Amino acid sequence: MMLDTLVKCLGKSVADHVEMRYHRREALTISIRDGKMDELNKGFVEGVCSRALVKGSWGFSSTTSLEEKEIVKALKDATSLARASKPKKRRFANLAEVKPAEDSYTTKMKRDPRKADQEELVRLVKDTDANVRGFSKRIVSDSVVFAVIDDDLAFASSEGARITQRIVRCTGRVMATAREKGNLTSAYESIGEQSGLEVLEKTPLIEIGKVAAERADKLVSAPVAPGGVFPVILENKIVGLLAHEAVGHCSEADLVYGGSFLAGKVGKKVASNIVTLVDDGRYSGGLGTMKYDDEGVPTEKTVVIEKGVVKGFLHSRETALEFKVHATGNARAWNFEFDPIIRMRNTYIETGDQSIEELAEGIKEGYFLKGGLGGQADFTGEFMFGTQEAVKIKNGRLGESLRGVTISGNAFEVLKNVNAIGKDFIMRAGMCGKEQINYVGMGGPSLRTKVMLGGVTK
Amino acid sequence: MSLQASTPLAVKTCEKLGADEAEAYAQRTRTVEVVLERAEIQSERVKVQQGIGIRLVKKKGLGFAFSSDLSKASVETTCRNALSLARTAIPNPDWVSFPAAEKLPKTPTGTFDESVAALSGNDVLKLAMRAFDAAKKQDKRAEIDDGKFSAIASEIAVSNSHGIEATQKGTLLEGFLVCIAKEKGEVSSMAFEYDISRSMKFSPESIGKSAAEKAAASLRPKTTESFVGQLVLDADTASTILLYPLLSSVNADNVQRRRSLWADKLGEKVAVPPLNVTDDGLLSNGIGSSIFDAEGVPRQKTPVLTKGVLKGFLHNSFTANKEKRKSSGNASRENYNTLPVVFASNLIVEPGKKKLDEIVSLVDKGIIMRRFSGNVRTDSGEFSGIAKQAGYIEKGEIKYPLKETMISGNAFNALMNIVAIGRETRPTFMNSYVPPILIDKVNIVSK
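Those sequence lines, one after another, are chains A and B. Counting in our numbering, the first sequence runs from 1 upward without gaps. Counting in our numbering, the second sequence runs from 1001 upward without gaps.
These are calculated hints, taken from the structure and not from any lab test. Model, not experiment: these values are computed from the prediction. Take every hint as true, because none was put in to throw you off.
In silico DSBU-like pairs for lysine-lysine, Cα to Cα no more than 30 Å straight-line:
hint, chain 1, residue 1, chain 2, residue 2
1, B, Lys1184, A, Lys269
2, A, Lys210, A, Lys110
3, B, Lys1399, A, Lys458
Here's a subset of chain A near chain B, in silico, CB distances under 8 Å, partners left out:
hint, residue
4, Leu40
5, Lys88
6, Ser141
7, Val229
8, Glu382
Anything over 12 Å on all C-beta distances counts as not near chain A; from chain B, calculated:
hint, residue
9, Ser1002
10, Gln1004
11, Thr1107
12, Gly1163
13, Met1200
14, Phe1202
15, Lys1269
16, Arg1325
17, Lys1353
18, Arg1426
Backbone N, C-alpha and C fix where the C-beta goes; we use that ideal spot for every residue, glycine too.
Kindly generate the complete structure, drawing on both the sequences and the hints.
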């Protein structure tokens, strides 16, 4: 048991506070491109890290060796780094009280993907690939990937926390490329959950393959959407990007501390009355779900905006003390090579009650935006993310499809302009990059608002 | 085990297990990094990553297994895993073989600097503080939002069943700062500046100075009307908007998969005549220079675009074998736990003669953009996003900083609409060397 080794090594600590983490990540990846198998991979990366606090100064060190003497060396390195960098620090860390947990958590799985027949998983990818390529003669290329990621985590602290977590995630993605008369376009779809293979019962890989193929085929010769500010419906699949990029980052307490848009706004109205936004560390099946974060703090459902009013922020133990609130369990690390920083877990806008038709009814001239691409935000609240498809809306009716463009706006103007929310809530899988990447969930129902489309100038 | 001992052992073990052929790639990287956040040292890390990735082929079925444990027992287990995966894999009819050993070129100069490899956490912290102080000195309104400084030293070993057995080492020093400027309650947009080098020839002061300058210059922004006009790109934004689609289109894997719009355009004009682009894996001091690529194939110089005409594609051994030609030495791996893909070594755009302010003076109506927050569709060439650190240009002068302005266009059209190529080339994080570039007919979108 790695936890026992960590505890044994902890005994050698001379720092004021120490956290040690063990992490083994094993991944199986199956990839087929254009009908040919290009990847069948399996392997693992494992190691141990120590984070030591000496008189308010942090030090961090990691090792890929599991030998006790190397782990103790990493612990000593972290402690001496903390001491050495102390004179250069202007702000010192103190931690909010958290009851040290002794607990164990494992992802709930109906069909354990680690015990699945590999040939069966290969067949699943193969069938999806064949289906995508067979969609139409315009589909010239595709790739289908399915992966199982198995995280084995142990956490021990000098305060007495002893936690093990086993987190299993299944992800799948499809890319389809269509070509016609010198035009070319690609479409992307993905699935992902913290769960067993039952994720495929909810959304079969073959189905997302069909959505991607259909979209690439439809948009290959379509023009690009226009530029300007328009009323839009954001599809449920991309509302999570709005929740995450536009609002979520501004609510991370380290950014709030730095003066993000939400600084000083607790209790103030920043969004339309119908908007409630939460970051939930325990959302069932969420890609960002953990029972404890990487500081050993129990995760929770944290309400950021309730009916348009700011309720709170996402905290580590350090920022929680500074803001005089409780730690919310948002300190996360990508793996043992990184110290935990404040990250979102599963961020979503709560569901409403309207159908897509009802959402469209309110739009005289606008767009129904579908399919997400990469996003980013400044802490002033200005955000952007890409969309794949823009369906014209005229007098409440959906019309032709254009190629999607990147959209932008100020998050809080966009949230104030939300005037109807759909009932088609979904949670999606995402990856977020903030110094280090991490798995997150992003969710919400389709909704109606106004954004700027970075398209063609008339 | 040492890296040098681990890869031949892995290949031999795979062969004994009954592999048709095998390849092992091992890597050890020591990274010292300092992360700054809100004007503070957020963390200081020393990390050593190491591991081995083994590709094994059995009856055209390709298995790949990796491990971060380099002990003899673990290497042997990883070989057995690779064999079992190869047996499960669907045979790939396109598979020919791993590359054969060739005479390797001399080590390109300036790819390993002992003093970079020896930097301690404290040394890297000093570099970061120098950048930080330079920003403050440049402009009192400037504040550091975040930044990161890293000193990286890596060793690589590759062996395969066809006689390749090679090792090399390299160093890299990189750093960036994101600065904002605050004035009378106004917060500027975030300005980004960086430097990247294989040696200690690295200037934290210019990172700090330039980041602060850019942030302050973006205070009191205005919007403009929507129009179609000219766009001045600096090295970083030109690389993102123009070079990524270009690189994607000359990647032989995309060409063969019909995912490149240039698939049938060899020998045809795809850009304006002044544009010359070369991939040079042996460039002195080059960010992406090395003796051999991620499969052990010698690095070389490959013309990509000459006078705007498409001259060649970039290959790894898999794409080269499919066309019965030699690899151009462009196999690249992020790490030991990923498979080799085709990527640029150093993608060099030949500089022109004009300085940046001379380029600005050519613009009748347009904008200059120093940071791009948006998306680039590398296959179709569409780009769309927010123009950050942007300024409105009229009659050859930057009039005012811009806010809430988006741009959109198509990179392949833009390559045909290049008006001028600047002379100040600098390396970017995508291993390209790019000067400022002025393009025409870009959509400028505002409220």
